Structures are given as structure tokens and as C-alpha cells.
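Asker: Residues per chain are reported as follows:
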Amino acid sequence: MAKILKKERLSENTVKMVLEAPLIAEKRKAGQFVVLRINEQGERIPLTIANADKDAGTITIIFMEVGKTTSLLGTLKEGDNIMDLAGPLGNPTHIEKLGTVVCVGGGVGIAPMYPITEAMKKAGNRVITIIGAKNKDSLIMEEEMKSVSDEFLICTDDGSYGTKGFVTQVLEDVIKRGEKIDVVVAIGPVVMMKAVSKVTRPHNIKTIVSLNSIMVDATGMCGGCRVSIGGVSKFACVEGPEFDGHEVDFDELMTRQSAYGKQEHESMQCFLRDKK
Amino acid sequence: MEVKDRMKIPRQKMPEQDPKARGKNFDEVPYGYDENTAVTEAQRCLKCKKPPCVEGCPVEIDIPGFIVCIENKDFDGAIRKIKETNGLPAVCGRVCPQEDQCEVRCVVGKKGDPVAIGRLERFAADYERNKGNVFIPEIPKSTGKRIAVVGSGPAGLTAAGDLRLMGHDVTVMEALHKEGGVLVYGIPEFRLPKAIVKAEVDYLGKLGVKFISNYIVGKTRTVDELLEEYDAVFLGTGAGLPLFLNIPGENLIGVYSANEYLTRSNLMKAYLFPEYDTPIVRGKNVAVFGGGNVAMDSARTALRLGADNSYIIYRRSRVEMPARNEEIHHAEEEGINFQLLTNPIRFIGDDKGRVKGVECLRMELGEPDDSGRKRPVPIKGSEFVIEIDTAVVAIGNSPNPLVPATTPGLDTSKRGTIIADEETGLTSREGVFAGGDIVTGAATVILAMGAGKKAARAINEYVMKK
Numbered sequence: 000m001a002k003i004l005k006k007e008r009l010s011e012n013t014v015k016m017v018l019e020a021p022l023i024a025e026k027r028k029a030g031q032f033v034v035l036r037i038n039e040q041g042e043r044i045p046l047t048i049a050n051a052d053k054d055a056g057t058i059t060i061i062f063m064e065v066g067k068t069t070s071l072l073g074t075l076k077e078g079d080n081i082m083d084l085a086g087p088l089g090n091p092t093h094i095e096k097l098g099t100v101v102c103v104g105g106g107v108g109i110a111p112m113y114p115i116t117e118a119m120k121k122a123g124n125r126v127i128t129i130i131g132a133k134n135k136d137s138l139i140m141e142e143e144m145k146s147v148s149d150e151f152l153i154c155t156d157d158g159s160y161g162t163k164g165f166v167t168q169v170l171e172d173v174i175k176r177g178e179k180i181d182v183v184v185a186i187g188p189v190v191m192m193k194a195v196s197k198v199t200r201p202h203n204i205k206t207i208v209s210l211n212s213i214m215v216d217a218t219g220m221c222g223g224c225r226v227s228i229g230g231v232s233k234f235a236c237v238e239g240p241e242f243d244g245h246e247v248d249f250d251e252l253m254t255r256q257s258a259y260g261k262q263e264h265e266s267m268q269c270f271l272r273d274k275k
Numbered sequence: 000m001e002v003k004d005r006m007k008i009p010r011q012k013m014p015e016q017d018p019k020a021r022g023k024n025f026d027e028v029p030y031g032y033d034e035n036t037a038v039t040e041a042q043r044c045l046k047c048k049k050p051p052c053v054e055g056c057p058v059e060i061d062i063p064g065f066i067v068c069i070e071n072k073d074f075d076g077a078i079r080k081i082k083e084t085n086g087l088p089a090v091c092g093r094v095c096p097q098e099d100q101c102e103v104r105c106v107v108g109k110k111g112d113p114v115a116i117g118r119l120e121r122f123a124a125d126y127e128r129n130k131g132n133v134f135i136p137e138i139p140k141s142t143g144k145r146i147a148v149v150g151s152g153p154a155g156l157t158a159a160g161d162l163r164l165m166g167h168d169v170t171v172m173e174a175l176h177k178e179g180g181v182l183v184y185g186i187p188e189f190r191l192p193k194a195i196v197k198a199e200v201d202y203l204g205k206l207g208v209k210f211i212s213n214y215i216v217g218k219t220r221t222v223d224e225l226l227e228e229y230d231a232v233f234l235g236t237g238a239g240l241p242l243f244l245n246i247p248g249e250n251l252i253g254v255y256s257a258n259e260y261l262t263r264s265n266l267m268k269a270y271l272f273p274e275y276d277t278p279i280v281r282g283k284n285v286a287v288f289g290g291g292n293v294a295m296d297s298a299r300t301a302l303r304l305g306a307d308n309s310y311i312i313y314r315r316s317r318v319e320m321p322a323r324n325e326e327i328h329h330a331e332e333e334g335i336n337f338q339l340l341t342n343p344i345r346f347i348g349d350d351k352g353r354v355k356g357v358e359c360l361r362m363e364l365g366e367p368d369d370s371g372r373k374r375p376v377p378i379k380g381s382e383f384v385i386e387i388d389t390a391v392v393a394i395g396n397s398p399n400p401l402v403p404a405t406t407p408g409l410d411t412s413k414r415g416t417i418i419a420d421e422e423t424g425l426t427s428r429e430g431v432f433a434g435g436d437i438v439t440g441a442a443t444v445i446l447a448m449g450a451g452k453k454a455a456r457a458i459n460e461y462v463m464k465k
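Residue numbers (numbering that gives the first Met the number 0), protein chains in the order written: chain A, 0 to 275; chain B, 0 to 465.
Simulated from the structure, these hints should not be mistaken for laboratory data.
These numbers come from a predicted model, not from an experiment.
Take the hints with a grain of salt, since some may be wrong.
To be verified - Within a straight-line C-alpha distance of at most 30 Å, the following computed BS3-like cross-link-like pairs (lysine-lysine) qualify: (1) K26(A) x K209(B); (2) K53(A) x K177(B); (3) K261(A) x K197(B); (4) K46(B) x K19(B); (5) K5(A) x K7(B); (6) K120(A) x K26(A); (7) K177(B) x K76(A); (8) K205(B) x K23(B); (9) K96(A) x K197(A); (10) K5(A) x K145(A); (11) K7(B) x K261(A); (12) K26(A) x K351(B); (13) K96(A) x K76(A).
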């Protein structure tokens with residue numbers, strides 16, 4: 000059981016929660032995730048750890064309400080309990096002093112990008128951060144990201160805040176400046192990570208992406224999270240979640256993520272009906 | 000009763016759900032013996048002075064001892080006798096391959112059918128559980144020793160129960176949210192009801208065994224960290240990394256590992272979707288690849304999820320199938336379509352990335368291979384396509400690497416199994432013991448239990464000397 004200590008709505012459908020999880024808080028490193036199950040009927044879903052406080056024994060999760068489970072999670076209040084919480088899972092991000100690191104976060108992907116950006120900064124890198132969202136209202140964690148960046152760039156799809164356009168355009172501008180970039184780390188929607196990898200490939204810039212494929216146990220047991228990396232099947236839960244963006248078969252990942260579209264819709268309809 | 004009279008009694012049938020009806024529900028297939036049938040079956044036992052059946056039992060149950068109790072209608076006595084050595088009798092009575100272990104050695108079986116030892120074990124366990132008054136043996140005075148058991152599958156539960164009965168303080172750590180390991184995620188409800196696993200786990204709880212779920216050893220805490228708190232660690236983490244066929248199209252939507260398919264259905268209750276949130280593809284034409292018990296479980300699950308055609312595709316013949324005869328027989332009765340001597344070569348997808356067919360080759364049997372079984376050889380030009388919308392790969396598992404990868408100095412084999420002494424379970428690390436599938440590779444429930452038992456003895460010796 001994990002108690003919800005704090006809940007905050009960051010945008011219309013993005014929620015931040017601070018959970019009581021001392022064992023996980025003590026262990027977690029940037030890039031890792033947890034698996035949770037809300038109640039007896041619930042499914043197990045992976046969520047990245049956005050932050051943790053070892054002393055307070057808490058972790059922070061930030062999620063977008065998209066399906067039944069995340070929507071139900073969004074209805075829980077401070078003081079409520081999440082039935083099952085396990086972690087930290089996955090391999091931590093490889094952090095070291097590399098030189099200049101560009102951290103690209105898109106949408107709710109900014110949340111897992113935060114601890115990585117923070118760790119990259121702490122390791123002594125020059126950190127250029129690019130965050131993007133649909134519009135000003137859905138942009139999250141601006142202050143936090145800014146505080147751990149040497150250079151901070153914002154864009155929105157509709158131009159309501161920062162540069163108008165996608166993170167890839169901003170990234171391209173940074174590359175064109177001619178600055179030596181040692182690594183790009185990108186987390187966001189799969190289509191964004193695919194586009195970022197496409198931008199960096201011709202420049203031979205190492206690009207790390209974090210893949211959120213469908214998982215059940217998240218300990219290597221089910222194999223549901225398999226992704227093709229350089230033509231070889233890998234399990235995102237135990238061999239990832241981070242991989243070389245230039246090796247990932249993003250199209251296959253997008254297809255696999257759509258596997259349960261019909262059931263997810265049905266489940267959501269039941270949820271909305273029950274809510275009434 | 001005279002021996003010749005005993006020999007005249009036929010092996011008692013166990014009533015079962017009608018094959019047609021059961022293909023549409025997840026209720027348990029066999030109903031079990033009633034008291035009279037159990038007593039009659041017990042009368043068939045010759046109570047051999049040197050019972051060969053016991054030698055075949057990895058957990059050393061006093062088989063004639065408990066059967067004579069049943070014959071005398073002392074059912075409480077029967078279950079107590081079993082529980083002297085076996086903490087999971089209701090599970091073993093259902094899923095043990097008795098035909099290859101105790102029953103194969105039964106003297107009565109030399110001239111006819113062996114005594115139905117497994118069914119009698121199941122009867123005794125069910126009798127006690129249904130009565131609701133479970134006998135709790137006295138626990139000896141605390142030794143003050145603390146032992147961590149990693150994994151709550153058959154090996155871990157057995158080791159935990161035995162260690163507790165020796166007076167140790169035992170904590171079982173489970174990575175999933177529910178205890179039981181393969182008994183809850185792998186074996187379907189119709190073969191092993193989850194309520195039974197729960198009852199047996201609860202029994203260990205009543206003995207004083209502590210359980211922590213959602214605790215991933217290797218991630219939440221490492222083995223080295225456990226050793227700071229505990230006097231010994233037992234690793235029973237199982238063989239939980241699914242093997243795939245490595246043929247084109249294997250990542251299409253609708254292609255599952257048996258682990259995923261069964262975990263969704265069993266542990267997460269996807270068969271009750273949308274009442275339960277976990278989805279599963281309810282295929283109309285489902286192909287399961289493999290010939291073991293897991294393949295049978297998957298094919299029969301597919302049928303119950305509404306498949307019109309549920310195929311078993313196996314590259315050898317029925318004779319070589321590793322599944323229990325009883326399971327193959329149940330599958331056949333339910334109408335599973337067996338495509339024997341058939342090997343898949345590629346999956347075919349539609350424009351949405353969903354599997355729509357599998358291309359196969361017919362095989363014939365050639366000379367024996369390293370395993371001693373006849374090697375399947377492809378028949379040239381025999382390619383054909385089976386239309387499917389779901390595929391389940393059930394060709395086995397390799398050991399889960401989470402613990403070996405995070406435990407320095409823990410020796411593993413090329414196959415990834417932990418190297419442990421067969422008699423004691425001792426690994427290359429002091430105070431760390433291992434048993435079950437993580438040591439042997441995928442095997443049976445009862446062998447894992449046997450390993451848990453041996454390790455418990457060795458751990459006891461180790462911690463008491465410490």
C-alpha cells in the first residue's frame with residue numbers, strides 16, 4: 000500500500016502525486032520507474048519516477064489521464080491509498096560528465112526528463128533543456144526544469160508560449176549553431192522521440208530515448224514490452240527502458256502500443272458510466 | 000482385506016465437468032473424490048513394507064501411512080500425515096506429475112492401474128480445507144535466526160514452511176502483488192483454483208511466516224543488503240524469462256509469450272474484462288506453439304476466452320510431447336486441434352500490424368538428437384498457412400536474470416541458472432542458497448518443492464552453526 004500524501008493538478012489532465020514509498024525513495028535513480036495497481040480489479044501500469052525525497056521517504060509521479068487506470072488514479076485524493084506499488088524498476092540512466100547534453104522533454108515526458116536533467120547537471124555537464132507542449136496550459140514543470148539547466152528553451156505547438164513549433168525545430172536550431180553536442184536525451188510521445196532521433200542521426204549525435212511499451216509484470220517475466228532495437232528483440236523493462244534512438248524501431252513500438260485500443264475504449268466507457 | 004481382494008478393486012474414476020460445458024468456463028475440471036470413493040481407492044493400496052512410491056516422491060510423503068488413514072476413515076489423520084512433509088498438499092494433489100513419480104513405482108500398477116495417490120492426496124487436503132478447521136502444528140521455540148526467502152512460488156513456499164517449523168523467523172519476498180509465483184500467474188483456474196493457493200499461503204501465514212509483496216529483490220533491495228539483516232537467504236525466483244521462436248513477425252500484435260498470456264488471464268483476471276481492467280486479445284483462431292503443460296494451459300485458456308479454433312502446434316509427435324498425459328487428454332476432449340509434426344517458420348501480419356496467419360512446415364522424425372528424442376526434420380515443399388488472429392509461444396523459459404545480475408560473486412551457468420549444490424542448494428555465496436527453476440531451468444512444481452525442502456535442511460544446519 001502506498002499513501003497519497005500530496006496531489007496537485009498541473010494542467011487540465013496532468014496530475015502530480017507524492018506517494019509514501021520509503022524503500023523505493025531510498026533506491027531510485029534517474030530514469031527508473033514503478034509499477035502500480037490501484038485496486039483489486041486494476042491493471043498493472045508502469046509510471047516513471049519524476050522525483051524522490053529519501054529523507055521524507057516519498058516519490059513523486061506525474062501522469063496524464065488518458066485511459067481508465069490513469070483517469071481513476073486522477074480521481075484519488077490525498078490520504079487515499081494505492082493498493083500496490085513496486086520498484087524501482089528498469090536500468091537507471093547512465094549519468095557521467097560528457098560535456099554538453101541536450102535534454103528534450105515533450106508533454107508529460109517532461110516529468111521523467113526532470114531527474115535525468117538534474118543528474119546530468121549535477122555530474123558537471125552543460126545542460127541545454129528543450130521542453131515542449133501543445134499549449135501554455137499543458138506545459139508542466141517549467142520552473143523545476145529551468146533550475147537545473149544552463150540554457151532553457153520552450154516551445155508550444157500553437158505558439159501560446161515560447162517558440163511556436165515542435166521541440167525538433169528548436170533542437171535543429173541548437174544543432175545548427177554549430178555547438179558540439181555530446182548526447183541528446185529525449186523523452187515524450189513516441190512520435191516525438193522518433194522525430195528527435197531523425198534530427199540527430201545525420202549529425203551523428205548519440206541519442207537516448209526512454210521507451211514506455213506495454214508491460215504487465217515489468218520484471219522480465221511476460222515479454223509484453225519487447226521492442227526491436229537494431230533488429231533484435233529486447234525487453235524494455237529489464238534491458239531498458241532507455242535505448243539508442245537510432246536503433247529503435249519506432250513504428251513497431253507505436254503499433255504495439257495500439258494493441259488494446261478497442262479494449263481501452265471499452266474500459267473507459269465503463270469508467271465514465273460508473274462515474275455518473 | 001486380502002491382497003487379492005484389494006487387487007480386484009478397479010482404480011476409482013474422478014468425476015469431471017462435461018468437456019463441452021467446461022470449454023466455456025474457468026471452473027475446475029475434476030471434482031475430486033467423495034468420501035466413499037476415496038475409501039474404496041485407499042483399499043487398493045497394499046501398504047508395502049518398503050514402499051517404492053515414497054522413493055519417487057521428491058518431498059518424501061509417507062504415502063502408505065496417509066492412505067491407511069483414509070481407508071480407516073481417519074481423514075484428519077491422513078492430512079496430518081501428509082503435512083509432516085508437504086505444506087502444499089492441495090496444490091500437489093492437482094498439479095504433480097504423479098504418473099511419473101509416485102504412481103509409476105506403485106506395486107499395484109505392475110499388473111493394472113496404480114493406486115491414485117495424487118487423487119487421494121487431493122482428497123485429504125480438500126477434506127480439511129472444506130471443513131474449515133485447518134490443523135496448525137506447534138512451532139518449536141524461536142531460534143532467533145532470521146531467514147529471507149526470495150520468491151513465493153513452490154520452492155520458496157516449501158522452504159519457508161519447513162524453516163518456520165524448525166523455529167526460525169522467516170520472511171518471504173514476492174515481486175508481484177500476490178503470493179504463489181507460477182501457481183497464481185501460470186497455472187489456470189480450471190486446473191488449480193486460486194482460492195486453493197491462497198488457502199495454502201494463508202496456512203503458512205498461520206504458522207507465522209511473514210510475507211512482503213511488491214518487493215523486488217535485485218531492485219528494491221539486493222541480496223547483499225538482505226544479508227545484512229538476515230542470517231541466510233534462499234533464492235527461489237523461478238524461470239521467468241520467456242523464450243521466443245525467433246522467427247519473422249514475432250512482434251506483431253496478437254503474438255504473446257505464454258507467460259504474458261497466462262499472467263493476463265490468471266493473475267490479472269483478464270477473462271473477466273471489463274470488470275477487471277487488464278485486457279487480453281480474445282482470438283477466434285488461436286495457435287499455441289509448444290507441447291508442454293504450459294502449451295496445454297494456453298490452448299485451453301484460449302478456448303475458454305471464446306476461440307472457435309484453438310491449435311497446438313508442435314514439431315514432434317504426440318509421443319514426445321512433454322505435457323502430462325492427463326492434460327493432453329483433457330485438451331483433446333475439449334476439442335483442441337493438435338497440429339503435430341508441424342513447425343512455424345514466420346508470422347504474417349495485416350496492414351495494422353496484427354497477426355493474421357502463421358506459415359508452417361510439416362516435419363518427419365529422423366535420428367535421435369542429443370536429448371535422445373527423434374529429431375524433427377522439415378519436409379521440403381510442405382509449407383502451408385494457418386489463419387490465426389492470436390499466437391501464444393509456449394516453448395519454455397530461461398532463468399530470470401534480476402537477482403544474478405545484481406549479486407556479485409553469485410556463480411551462474413551458461414544458461415543463466417544459478418549454480419547450487421544439488422543436495423543443499425548452497426551457492427557460491429556464503430549464506431545464500433537457491434532451488435527450483437532458477438537452478439534447474441523450467442521444471443515441475445514438485446521438483447521445486449523438493450529443492451526447497453533440501454535447502455531448508457541445509458539452511459537450518461548453516462544458521463544453527465553460525
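Asker: None of the hints should be skipped; say for each whether it holds.
Answerer: Structure-based check of all given hints:
For the suggested pair K26(A) and K209(B), the alpha carbons sit about 23 Å apart, so the restraint of at most 30 Å is met. Using a Cα cut-off of 30 Å, the hinted pair K53(A) and K177(B) holds, with the two alpha carbons roughly 27 Å apart. With a CA separation close to 33 Å, the supplied pair K261(A) and K197(B) exceeds the 30 Å bound. Restraint check: the Cα-Cα separation between K46(B) and K19(B) comes to about 39 Å, which exceeds 30 Å; the hinted pair is violated.
For the hint linking K5(A) to K7(B), the alpha-carbon distance of about 73 Å lies beyond 30 Å, and the restraint is violated. Restraint check for K120(A) and K26(A): the C-alpha separation of about 20 Å stays at or below 30 Å, so the hint holds. Our distance criterion of 30 Å between C-alpha atoms is met by K177(B) and K76(A), whose separation comes to about 25 Å. In summary, the hint linking K205(B) to K23(B) is not supported, as the alpha carbons are separated by about 36 Å, beyond the 30 Å threshold.
The suggested pairing of K96(A) with K197(A) holds, with an alpha-carbon distance near 25 Å, which does not exceed 30 Å. The straight-line distance between the Cα atoms of K5(A) and K145(A) is roughly 23 Å, inside the 30 Å bound, and the hint therefore holds. Under the criterion of a C-alpha separation no larger than 30 Å, the hint pairing K7(B) with K261(A) is inconsistent with the structure, at around 59 Å. With a C-alpha separation of about 40 Å, the suggested pairing of K26(A) with K351(B) is violated against the 30 Å cut-off.
Between K96(A) and K76(A) the alpha-carbon distance is near 40 Å, which puts this suggested pair outside the 30 Å criterion.
When held up to the earlier numbered hints, the structure conflicts with 3, 4, 5, 8, 11, 12, 13 and fits the remainder.
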